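Anchor point for the sequence shown: position 166 equals 166 in full-length UniProt numbering, and the numbering is continuous, going up by one each time.
Hints are supplied without guarantee of correctness; some may be wrong.
[Unchecked claim] Simulated restraints, written as ranges between beta carbons of each label pair:
1) Val104 x Pro47: 30 to 38 Å
2) Gly142 x Arg60: 14 to 22 Å
3) Arg209 x Arg184: 33 to 41 Å
4) Leu180 x Glu125: 32 to 40 Å
5) Pro56 x Thr199: 39 to 47 Å
6) Thr86 x Gly64: 26 to 34 Å
7) Ala57 x Thr212: 36 to 44 Å
8) Gly64 x Arg159: 31 to 39 Å
9) Asp213 x Gly64: 40 to 48 Å
10) Val80 x Pro29: 29 to 37 Å
11) Asn169 x Ile108: 38 to 46 Å
Hints are computed from structural coordinates only; laboratory data are not their basis. All values reported here derive from a predicted model rather than from experimental measurement. Glycine included, every Cβ here is placed at the ideal spot set by N, Cα and C.
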Amino acid sequence: MRVTHLGHSCLLVEIGGERILIDPGTFTPGFEDLRDLSAVVVTHQHPDHLDPGRVPALVRANAGVRVLCDPGSAEVLAGVGVEASTHNGATTLGAVTITPVGEVHALIHEDLPRIPNVGVVLRAEGEPNLFHPGDAVDQDPGAVDVVAFPLNAPWQRSRELTGFLRRLNPRTAVPIHDGLLNERGRALYLRQAAELGGTDTEIRDLAGRGATDLSGH
């Protein structure tokens with residue numbers, strides 16, 4: 001498995017012979033230039049996870065790509081002419097199984113309505129599996145090898161970040177959702193994740209590193 005952190009919460013995951021793009025949002029530059037994608041997966045409709053301005057061109061440029069998302073994102077995509085499928089249990093894509101996890105976005109504020117948020121676990125035989133939670137840290141994905149974890153968010157306290165990592169305690173954790181942080185703030189949260197997170201977890205910061213092989217993790 002190879003993972004590329006394209007920016008904020010957007011990951012390109014190459015697993016089981018498939019190329020799966022997760023959460024192409026407005027904070028992420030350049031994703032519209034990707035080709036040979038098997039699937040685009042969206043966890044929820046917030047613009048930093050779903051850019052309705054650029055996703056239609058991405059879909060048109062990748063013939064046969066499947067678009068899989070939560071119900072709220074399906075409505076947004078229908079409004080810009082993109083046909084998407086909502087999760088109805090696990091989805092098989094070649095040798096890869098995409099399993100939905102969770103249903104609701106984390107609470108931002110009592111005065112704001114909560115929207116759907118569906119995280120995903122990607123699995124392929126003989127490779128590590130990967131969990132992308134979107135914007136929630138209360139899901140139960142089961143045993144996972146690689147977890148993409150939100151580094152900073154308006155809806156998350158630092159103890160929720162470290163508690164999430166402690167609870168799942170994966171072998172590898174990849175920071176995402178970092179688009180609101182400057183360099184010093186990012187370093188602070190990364191240090192907390194490493195020192196206060198899962199006891200068996202290695203933090204792998206993939207920002208700016210290109211495609212990274214996590215097959216041994």
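Numbered hints the structure breaks, given as an ascending list: Checked against the structure, the hints that fail are numbers 1, 2, 3, 6, 7, 8, 9, 10, 11, while the rest are satisfied.
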